Every structure is written in structure tokens, then in C-alpha cells.
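**Q** The chain contents come next:
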Amino acid sequence: MTADRTVRMFGGSGELTAPEQSPTALEAIGLAKRYRGTWALRDCTMSVPAGRVIALVGPNGAGKSTFLHLVAGLITPTRGSVRVFGEPVGQRAEALARVAFLAQDKPLYDSFTVAEMLRFGHHLNPGWDDALARQRLAELDIPLNRKVGKLSGGQQAQVALTIAVAKQPDLLVMDEPLANLDPVARHDVMRSLMAAVAETQMTVVLSSHVVSDLTNACDWLVVLNRGQVQISGEVDELLATHRMLSGPAELADGVAARMPMISDSRSERQADLLARTGPGTPLLDPRWKASSVSLEELVLAYLRRPDTTSLPHPTLTISDR
Amino acid sequence: MLWLTWRQHRMQVLVTTALLAVLGAVLLISGLGAADFAAQSAPAADCVADTPECGAYRGEMNERIRLVGELLGWLPLLAPAMIGAFWGAPLLAREFEQGTHQLTWTQSVTRRRWLAAKIVGLGAAVTLGGLVLAGIVEPWLAAFDVPPYNVDRFDMSWFRLVGIMPAAWWLSAFVLGMAAGALFRRTLPAMAVTLAVCALAFFGLLRSPSSYAPPERAVQAEVIDELEPEGSLHVTSYWIDRSGVKYTSQEAELALAGPCGTDETTKKYAKCSFSHGYRRVAEFHRASRFWQFQWTEAGILLIPALALGGVAVRRTLRPRI
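Which chain is which? The protein sequence lines are A and B, in order.
Under numbering that gives the first Met the number 0, residues 0 to 320 are what the first sequence spells out, in order.
Under numbering that gives the first Met the number 0, residues 0 to 320 are what the second sequence spells out, in order.
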């Protein structure tokens, strides 16, 4: 598992590993949240195994932040429930200790020095690993006696991430961790996150509206759209089961009838169909060419068709439609 | 947790402590000066007011107490307002404003414990500060209370600077500020509302203590009677004639101007007015009601403040966002 991630982190393609039986890290059942009459999240059901790096993707306003706040226990659901490692989320010290949360603006106390932020983490977390925190900050060249407000955006993100990691959570939840960072800082934050993940066994959920930020780092993809789960599945499996089919336009209707189409673009002579072909290469007329798709293309195609879904288990299909 | 409370609010604690220390020094100097002067030049305790020696002593003591007393007179209004605005209002509002509640509420400490440490810790500090203020004002007043000069803590000039009044005002203002911060979630509006409510409470209650209980009534029976016992809180005084009809002082003076003349300070005038059936009536509260009134006003302040604080705490603990 860890080795596989390390390979991914450096951009290797990684071979398909046999799906292992791991406990469920995150489970949402019929999760819904309404703010003043508007549903931010409706009937969201998913189950994600432990030990994964989960990308939560969706357009702005899809309900990503709401979902992550529910997982972190900052808000309570209007309906449904969310469980982390089988335990309901809530205001109990032991439940809080298992989940670390990094909010979108990476809030820190600006008037504290970095050392005081560490002391804050130490005082408020029984599982705090002070040596780990200090080592991380030393590696990042962040001075402990500097006021947090005087650090650069990237350094603040690193301090916030360090506090989350040194808490030694089982689940690390991050809301748009790369937003508001310059390209160098994005890369550095992501790399140090992946290094931390490789060293520990923690499960990570991170959200972004930019798919390309996450493609190399994540091995599980959840797509939220209009407050509902559209895709939840292993990245490699999703890539293996979707194909871009290109062929003569006059045969497109026949192909489209045989399998679920995610996108369908036709010109006079040529048709490009993004299809869920299932495992293996589909048997088609030789005039058709099947090519693999990138994660970004896949996500975009799904987001354009909110009525299509790709969910791992038949029991988890969305019912309220 | 207490470390965090101290670290976040040490500025308020230090500034308040410093101001109390400065005030303590000023009162010490003034009090020592007064005590010195009284020891050297106090005439006999039962000296008659209009002898030059007695008058000079009283005049000097009056001048000395007025100098600092005018400064102190602002404290019952300013101190609670400042405590409410700078200790109370930012307590929760700043966390919401800067998003740091998302950081703190996702550490391994429950919101309840975090809030309890803040409110109990700072509430205790504020209460202690109020008691300290009373503790330095009372010996200062005592230094002036050398007969024939008389200082009386039931006097409305001092009533809110002694006993439990500063502590009750400070604590109520702190809780009010905290609640305003929790409800508005923004520091400046919370401060403004706190200042406004503190000012309203101060001016609303300014003259109310005399109505905290039905006053005692004393009717002049002999010319030289002192109607109000030492240390009483004066409510009102007026004249009645034989049939019990009420007259204000001016009306009585007008009625007596013919038979008794207009110099109402002399004993002759008093005897004359007495022989015409006029009696002076005074309404007052005895000094023994001092503590009853202190606790009454403390209740008037603390009960609504704590009720509002309870609402604010409930709203904060409920995981909304």
C-alpha cells in the first residue's frame, strides 16, 4: 500500500493492485444538509476504505465543503449520518482525536509564534507527536520563533498541515488545501503531504475543484455534483473501465445502446463516445478505436452529465431522483 | 486549556492589571496624603461646622477627595464597558471572524471544555479584578473618613466602587460581550452593542438604588433632630404642615418667609418654622441596607447577563457551523 503510494507520488503509473479488504474509513448514509432552505448536500451515500488518499472533486457549490465539515464534526447533518471508522462523528474527545481537519483558509492564530502553535497542538491533543512536528518544520526551514502572521501563505499552509499531521489522526480531512497557493507552494505542500501519508497509515480526504492537482496523489475518487455523489471509486479501476471510443458516426447509435455513455460528441462522419465499457476491451466493429481516458477527461464528462453515476456497489445507488 | 486562554487573552489581562496597579498607586499616594493631613490637623470630632478650624479641615479634605474622586467617578461607567468590549466581545467573535474556531474545534478537546476553560478562566479573572478595584478603593475612602470629615460608602458617588459592585458590573459586562460576540460573530458590532448596552445599564441604574426597597420615613419631632442616621442613603426630604399636607422646601420657605424671615440656616428660623407647625420629613435607607442593595443590583445585572450568556453558549455548542 505505502510502496504503491510512494510510486504514485513520483508520477509512476503504478500497476493495478488486487483490491484488498480494508476497514471502512468513511461512510455516509443518506447524508443531507440544508442551510436556510437551500440544500447544500442531498442524500449523499458513499463508503470509502481505509488507507486511501481520497480526492473529493466537484464544481464550486457542489457541497464539498459542507460534506467535509460534516465529516470533521463542525456541523451536524439535517438528515442521514456519517461515520468515521464505524464511529459516529460528534463532540466526544475520542472521536475528535481520530480526525484532523484543515479548513480552506488554513486558519491559525496569527499572533502566535510557530512554537506557540505547536504548543497549542500539544495542549489540545493527547496523541500529539512533538518530535515529528519539530522535525517537519525544521526540514521546511520554518523558524519556530516567527509569528504565524509573518509567514508566507505556503509556510502557513505547511504549519497548518504540520499541526494536522502531528495530531496523528486516523483520518486527515483537508478542504481545498492547495487553494490560494502559488504553483511552487502547491507542489511543496502536496509533496510534504504525500511524504507524511507514506510514513503513517492515515486515510486522507482532500477536496479540490481542480482535478489536475490531485491526479498523481490520489487513489480514490469521489465526485460530488449538485449536492450528490456522482462517482465514488478507485482511480485505477475507474480508468480501466472507461474508454474513449472513436468510430464512424453511422454506427454510433448501435454502440451507444450497448453500454452506458458518459459523453457523446458526433460530427458528420466521426463519433467520439466516452463509455463505461467495464473491465477488458469491448468487442466492437474493427472500425472503432478504443483509447484510454485521463482522469480529468473522465471527471469533466461526468460533471457535464449530472444524471450519470458510477458507484461501486449496487446497494449504494442514489434513490432520490 | 488554561494556557491557551492565557495566551490568547494575556494582553487584556496584563493591561487591566497594569491599570489597576496605576490606580492603586494613585490612590495610595492620595490616601497616605489624606491620612497624614488628617493626623496632623483634624480638629475635635464634634467640632461645630461653622467654626473656621472645622470648616478649613473639611474644605481641605473635600478638595483632596474631589481631586481623585472625579477620576474615579468615571470608572463605574468606563470599566465595565471596556471589560465587555475588550474581554468579552472578541472572545468568540474573533474566532468566528478569523475562522480559527474551525482549527480549535477539530482538535481533541470538546467544544464544551474549550468554552468552559475560556469563560470560567476569564470570568474568574474579571471577577477578581472587580474585587481588587473595590479592595483598593475601600482603604482609600477609609483614609478620608476621619471625623469631623465623613465619607460614606452608601453614597452614590462610591456605591459602585465598593463591595461587590465592581465585580458584578465587570462580570456582567464580560458575559454580555461574550454573548454579543457569539450571536453577531463579528468583533466590531459585538463591541459596539456591548458598549451601548453598558452605557444604557449605567444610566438606567444611576439613581435606582434608592428604590431597591421602600425607604424609611422620619418626621422631625424636635428642632435639633438629625433626621437621618449616620451613613444613610438619602432618598428625599420635604415639609409637612399640621394637617399633613406636603410642601417642597421652596413652598415651605415661601410660606414661612413672612413670619420667620429668609435665613433658613439659623436655629431661630428652625424654631419659628416648628412653632408654625411645619415639620421636616426625610426618606432614607439605613446604612444596614448597604449589602442588601449591593446584592440587589448585582442580581439585576447578573441574572439577565447570565441568561443571555447561557443562550450564547448553547448556540455555540450546537454544531451549526
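Please note: incorrect hints may appear among the correct ones.
Below, simulated SDA-like cross-link-like pairs (lysine to any residue); rule was C-alpha separation at most 25 Å, straight line [said to hold, decoys possible]:
1) A/Lys149 to A/Glu115
2) A/Lys146 to B/Pro42
3) B/Lys117 to A/Pro106
4) B/Lys117 to A/Ala256
5) A/Lys288 to A/Ala256
6) A/Lys146 to B/Trp5
7) B/Lys117 to A/His122
8) B/Lys117 to A/Lys288
Below, a sample of chain A positions facing chain B; criterion: calculated Cβ distance under 7 Å [what the hints assert, rightly or not]:
9) Ala71
10) Ala92
11) Leu95
12) Phe100
13) Asp104
14) Pro106
15) His121
16) Leu123
17) His208
Sample of chain B residues at the chain A side, in silico, Cβ under 7 Å [said to hold, decoys possible]:
18) Gln101
19) Thr109
20) Leu194
21) Ala198
In case anyone wonders, no lab produced these hints; they're calculated from the structure.
In this text, all values refer to a predicted model and were calculated from it rather than measured experimentally.
Glycine included, C-beta positions come from ideal geometry on N, C-alpha and C.
**Q** Against chain B, is leucine 95 of chain A within 7 Å by beta-carbon distance?
**A** 5 Å, holds
**Q** Do the numbers back the hint for aspartate 104 of chain A, that is, is its least Cβ distance to chain B under 7 Å?
**A** With a closest approach of 5 Å, the aspartate 104 of chain A hint holds.
**Q** Hint check: is the beta carbon of histidine 208 of chain A less than 7 Å from a beta carbon of chain B?
**A** 19 Å, violated
**Q** Measure nothing beyond the straight line between the CA atoms of lysine 149 of chain A and glutamate 115 of chain A; if it is 25 Å or shorter, mark the hint as holding.
**A** Given pair lysine 149 of chain A, glutamate 115 of chain A holds - Cα atoms ~14 Å apart, limit 25 Å.
**Q** Compare the distance between the alpha carbons of lysine 288 of chain A and alanine 256 of chain A with 25 Å, and conclude whether the hinted pair is satisfied.
**A** 17 Å, holds
**Q** Are the Cα positions of lysine 117 of chain B and lysine 288 of chain A separated by 25 Å at most?
**A** Violated. Lysine 117 of chain B to lysine 288 of chain A sits at ~66 Å, over the 25 Å cutoff.
**Q** Can the restraint linking lysine 146 of chain A and tryptophan 5 of chain B be considered satisfied, given a maximum Cα separation of 25 Å?
**A** Holds, at about 17 Å.
**Q** Taking the closest Cβ pair, is proline 106 of chain A under 7 Å from chain B?
**A** For proline 106 of chain A, the interface hint holds, since the closest Cβ of chain B sits about 4 Å away, which is under 7 Å.
**Q** Using Cβ atoms only, decide whether alanine 92 of chain A comes closer than 7 Å to chain B, and label the hint accordingly.
**A** 6 Å, holds
**Q** Quick one, are lysine 117 of chain B and alanine 256 of chain A close enough, alpha carbons at most 25 Å?
**A** 64 Å, violated
**Q** Hint check: is the beta carbon of histidine 121 of chain A less than 7 Å from a beta carbon of chain B?
**A** Since chain B brings no Cβ nearer than about 9 Å to histidine 121 of chain A, farther than 7 Å, the hint is violated.
**Q** Given the proposed pairing of lysine 146 of chain A with proline 42 of chain B, does the C-alpha separation stay at or below 25 Å?
**A** With a Cα-Cα distance of about 63 Å, the restraint between lysine 146 of chain A and proline 42 of chain B is violated, given a limit of 25 Å.
Comparing the model with each numbered hint stated earlier shows that hints 2, 4, 8, 15, 17, 20, 21 do not hold.
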